[in-house]
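Number of protein chains: 2
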Amino acid sequence: MESFGVIAEFNPFHFGHRYLLEEGKKLNSNGVCIAIMSGNFLQRGEPAIVNKWKRARMALKQGADLVVEIPVEESVQSANNFARAGVRIANLFQIKSLVFGSEHPNLDFQKMAGKIDDQHDRFQSYEKNFAQQLFGDSKVASNDILGINYAYWNLKLDSHLKLMPVQRVGADFNDKVIKNKEFSSATAIRNELIKHGTSSTALLTSLPRESLAELTNSQLVSWPDFFPMLKYRVISCDVAELARILNIKEGFQNRIRSQIKQSNSYEELMDHLKTRRYSVTTIQRMLTAILLNIPSTVNLDSKPRILGMNQLGRKYLSKINNSDKILNRISQKDFNNDYFYSDRADRIYQLIAPNDFMEKIILV
Amino acid sequence: MESFGVIAEFNPFHFGHRYLLEEGKKLNSNGVCIAIMSGNFLQRGEPAIVNKWKRARMALKQGADLVVEIPVEESVQSANNFARAGVRIANLFQIKSLVFGSEHPNLDFQKMAGKIDDQHDRFQSYEKNFAQQLFGDSKVASNDILGINYAYWNLKLDSHLKLMPVQRVGADFNDKVIKNKEFSSATAIRNELIKHGTSSTALLTSLPRESLAELTNSQLVSWPDFFPMLKYRVISCDVAELARILNIKEGFQNRIRSQIKQSNSYEELMDHLKTRRYSVTTIQRMLTAILLNIPSTVNLDSKPRILGMNQLGRKYLSKINNSDKILNRISQKDFNNDYFYSDRADRIYQLIAPNDFMEKIILV
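First to last, the sequence lines map onto chains A and B.
For the first sequence, this note's numbering begins at 86 and goes up steadily by one.
For the second sequence, this note's numbering begins at 86 and goes up steadily by one.
No lab work stands behind these hints, which were simulated from the structure alone.
It cannot be assumed that every hint is accurate.
Pairs involving identical chains hold if they fit within one copy or between any two copies, as the list cannot separate such chains.
Derived lysine to aspartate or glutamate pairs resembling DMTMM-like cross-links, with alpha carbons at most 25 Å apart [unchecked claim]:
#1 346 - 310
#2 334 - 323
#3 418 - 323
#4 346 - 444
#5 346 - 431
#6 111 - 428
Based on the sequences and whatever the hints tell you, model everything.
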């Protein structure tokens, strides 16, 4: 049975995602598509615009056969660690190939990944500029870098995923407003949603109706919703407690302690925290780890949880011999172990968006 | 220079407090009155209805010559530990006598305190029933017990305060509604304030106009205001983290972890937590320590801070030789040491009531 994986966030699921899944099916004899997706808090250090169940359902309606959740302690991570989680989970599912969008699919990702192995420490905390410096190629772009990270972990984790870059179409990854109607960036779509709600006509052409259906009547969530909790937590913690949190580095615990006092909104806080040293997403990942109280000692090998699947997904799952390393039904023991921080993240997310939350696997 | 202390919360300052201070002046040759007062979180495990600066000003306008704050880690304590803090601070100020309200001022407090010394462990966590059992006297009431606690620590801390019980007048300490117009209980007054605001005509006869002036246009604060923060904190903490908090005992960390999930308001939470074993105030003290994240290892000998004083208070302060053990001006070092948890408590209190907060000593 052919299989392929995509590592994604679907925040929300748009035409670009649908295109990627369709291409994946074509490249893999119409095999089973395993979507490896972030839960309620994302790689950019942000809460998802709608909860993971809704996003899983969007994906299942539009090409994915099984959606598995990246544990939150692995999703709120730099691109390199995020890629590690994706490749790790792909291996648990014994997936044959990994399909990903790329600005330059003709790059030799595996070869490029080999080049960075001896600079791993620098690469761990790399920035786009560093990557370009390293590869001496000004063409290397955001999704290419993710691809190189996948290749890196494919090597390191001794997995044998076939890498299948797919040419990205349409909008730039980081477009902030809707430009290309059909292939708008997720960022542009989120901005439109937060600003004008689901009734915005601009969304009709840039979001599939299956996605719009899930979004309609949902509470749309963004960082400012969590600002009061974040402020309370920072005020009520010692510097030593903050220093023990995941992602916190180089005295950031002192910086946030002093800056939060004069910040009365999330925007103000970000204005105060921004420096040339840290990107917005680096800061946001630190803030998310503080909000969720994830310690730096957290285990990064928890069993991932299946959020939903269709008949084909179920059939595939029954054939692999790794199902004891994957959470299908979830027990109290799992809530206290592998699912501990993901459960906490869900409960905190639900303090803002308490409705429409489902906790049972989606079977379609 | 004659001096006397009163240990109080002034939540808010009412006619009963004024009467006590007047009696104290009469008994102490019109000497200086040092009010030893809780800050923003109180012995009953509750936030104060208005902040400590306003309450200090009420007291300074109505008989107190100097108001000193009990550090928060000592104010949110059982009656026994609260009494310890009061006696400790009275000694720092080299006060001669301690004036306190009592239902039965003819009791021999010092003798009764001597009786409990060998049962100290039980006494630490005593309840009213236990005290009555111990003393074999059904007359012993709330304020009497506080008096016995003062006497106990007067003995233990080798201090030589002269105890001056003053017959309580008017309302029962625990009256929930205003009955006796002039001497209403603080509980009844708070309930009236929260329910009907400062314009309630019932308050005109039960609150001095100096107190009403401070309360008018103030935000009135109560536990439900902090419920979202409390819920967030409990959800985002491990059981092990909760177990390290001040006042937490006998598995309460597990109980609150499981009960908070199904509680959507402070009232619901209290309904779920109440047992025959714990009084409401015992539970509230645990919840306050969780909210303020005060560890069980906290030092209970911090320097107390002066909140305000008049000319007489300043004169008295200049004559005692202990001023290095008292915070008058407060430095950054103090914020990080002696005043650490009180500052945190203030900042958390200000998340609910951000206005009208002053951070400089009141000089009248």
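Against the structure, the hints:
Both within a single protomer and between protomers do residue 346 and residue 310 lie at most 25 Å apart by alpha-carbon distance, with minima of 18 Å and 20 Å respectively. Both within a single protomer and between protomers do residue 334 and residue 323 lie at most 25 Å apart by alpha-carbon distance, with minima of 15 Å and 23 Å respectively. For the identical chains of this complex, residue 418 and residue 323 are inter-copy neighbours only, at 15 Å across copies versus 31 Å inside a copy, given an alpha-carbon limit of 25 Å. In this assembly of identical chains, residue 346 and residue 444 lie within 25 Å of each other by CA distance solely across copies; the values are 14 Å between and 37 Å within a copy.
In this assembly of identical chains, the alpha carbons of residue 346 and residue 431 lie at most 25 Å apart only when taken from different copies (12 Å versus 27 Å within one copy). For the identical chains of this complex, residue 111 and residue 428 are neighbours neither inside a copy (36 Å) nor across copies (62 Å), given an alpha-carbon limit of 25 Å.
When each numbered hint is compared with the structure, a violation occurs for hint 6 only.
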